[in-house]
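J.: If you want the building blocks of each chain, they are given just below.
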Amino acid sequence: METINPNAAMLSNYEIPSFPLQVLALLQELKSQQKKNRTARNSPLATIIYEATRYLQDSPCKLQTADHVHTFLTALKEFKLTKAEKLMLLNNPPSTPLEIQVMVEESEERFTEEEVETLLQTIQNILPATQKEEEEDMEN
Amino acid sequence: MFVLAEMKHVIRTPPWKFNVKLTDAIAEELNKKLANKVVLNVGLCIALFDIIHMEDSFIFPGDGAAHTKVRFRYVVFRPFLEEVLVGKIRCCSPEGVHVTLGFFDDIIIPPSALQHPSRFDETEQVWVWEYDTGADGEKHDLFMDAGEPIRFRITAESFTETSPSGPEAPDAGTSTDSAKPEHKIPYTLTGGISESGLGLLSWWTS
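Heads up: the sequence lines are chains A and B, in that order. Take the first sequence: its letter number 135 is residue 135 in the numbering used here, and every next letter is one higher. Convert by adding 140 to the 1-based position in the second sequence; the result is the number in the numbering used here.
Heads up, a few of these hints could be off.
Which chain B residues stay away from chain A? Per the calculated CB distances, all over 10 angstroms, these [claimed, not checked]: (1) ALA145; (2) ALA165; (3) GLY202; (4) ARG259; (5) ASP261; (6) VAL266; (7) GLU278; (8) HIS280; (9) LEU282; (10) ASP285; (11) ALA286; (12) PRO326; (13) LEU340.
Examples of chain A residues lying across from chain B (beta carbon under 7 angstroms, computed) [as the list claims (entries may be wrong)]: (14) MET10; (15) PRO44; (16) ARG54; (17) TYR55; (18) GLU99.
Worth flagging that the hints you see were computed from the coordinates, not collected in a lab. Ideal Cβ placement from N, Cα and C applies to all residues, glycine included.
Input sequences plus hints: build the corresponding full structure.
T.: Below is the structure:
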């Protein structure tokens, strides 16, 4: 086997869960196949899909849709963030300025406090997960 | 944390799969071969993303199977350096804090990368952050219990060749031989939480 490009594209977590969803159909197909022939049981694919899906179900991206991601990226254009930073903000939407500081390199020099606030506001307005967390906080 | 890796490989399709569509048969073979495996310097393979290109299939003398050269893209778990991830604490040991993502367990946060000052509690077998409250040098112990969600930054990654090296090690097993005492870990990530904002999620809420 030969690796041509180990890093052809970066995927956000959102893309992964939607991807297993496609694979879920495939998995169910596999399962029905497993009933017919027992070789496919304990397949590594089934294991990894199960474990990865379970991890992602707990993460905030399970509520994200393609529309959210699109509006999110458009809204973030003015902040001049790097791809990696946007990816992290998308995968784990921050709700406090401290989290922004962790994810965005030298955020204190690049952004003023107000800008960080607007960034947080933008994220909370667009992405569903953070809103839900807030609601949970309110309930608690 | 996930990337697409482009690879090419010659896939052998055995004759009893000739009734299946060739793309399906190849996809199945690729998933069987790569899913949940670590490829050296690529990462932990999750599942097939798509097949980019397929060349003509060949049948070699003495083998009824079709051999097809394919170029494909695979979903691979490989966080970039400095990426911030959220995982769960698997366990603590004197070597540091072991973190799991559910599908990937080989993440370690060494003692030097923990919040400062931290100490290892021998009786409880947990790492404790002696948080300085600032008042009269009083310390507040923050325990890092197993199962707690933790946010950490990836600081280093390392790949180890796990395939048998050669005749020097006659009983060197394959990478799947997990029962061996000297079990090599193919892909290890090193994390760090020595910044404010990193560490257990509960430390930083409100």
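J.: Hint by hint, say whether it matches the structure.
T.: Hint check results:
| no. | hint | verdict |
| --- | --- | --- |
| 1 | ALA145 | 5 angstroms, violated |
| 2 | ALA165 | 12 angstroms, holds |
| 3 | GLY202 | 23 angstroms, holds |
| 4 | ARG259 | 24 angstroms, holds |
| 5 | ASP261 | 26 angstroms, holds |
| 6 | VAL266 | 22 angstroms, holds |
| 7 | GLU278 | 23 angstroms, holds |
| 8 | HIS280 | 18 angstroms, holds |
| 9 | LEU282 | 16 angstroms, holds |
| 10 | ASP285 | 18 angstroms, holds |
| 11 | ALA286 | 16 angstroms, holds |
| 12 | PRO326 | 14 angstroms, holds |
| 13 | LEU340 | 14 angstroms, holds |
| 14 | MET10 | 5 angstroms, holds |
| 15 | PRO44 | 4 angstroms, holds |
| 16 | ARG54 | 6 angstroms, holds |
| 17 | TYR55 | 4 angstroms, holds |
| 18 | GLU99 | 6 angstroms, holds |
In summary, the structure is inconsistent with hint 1 from the numbered list given earlier, while agreeing with all the others.
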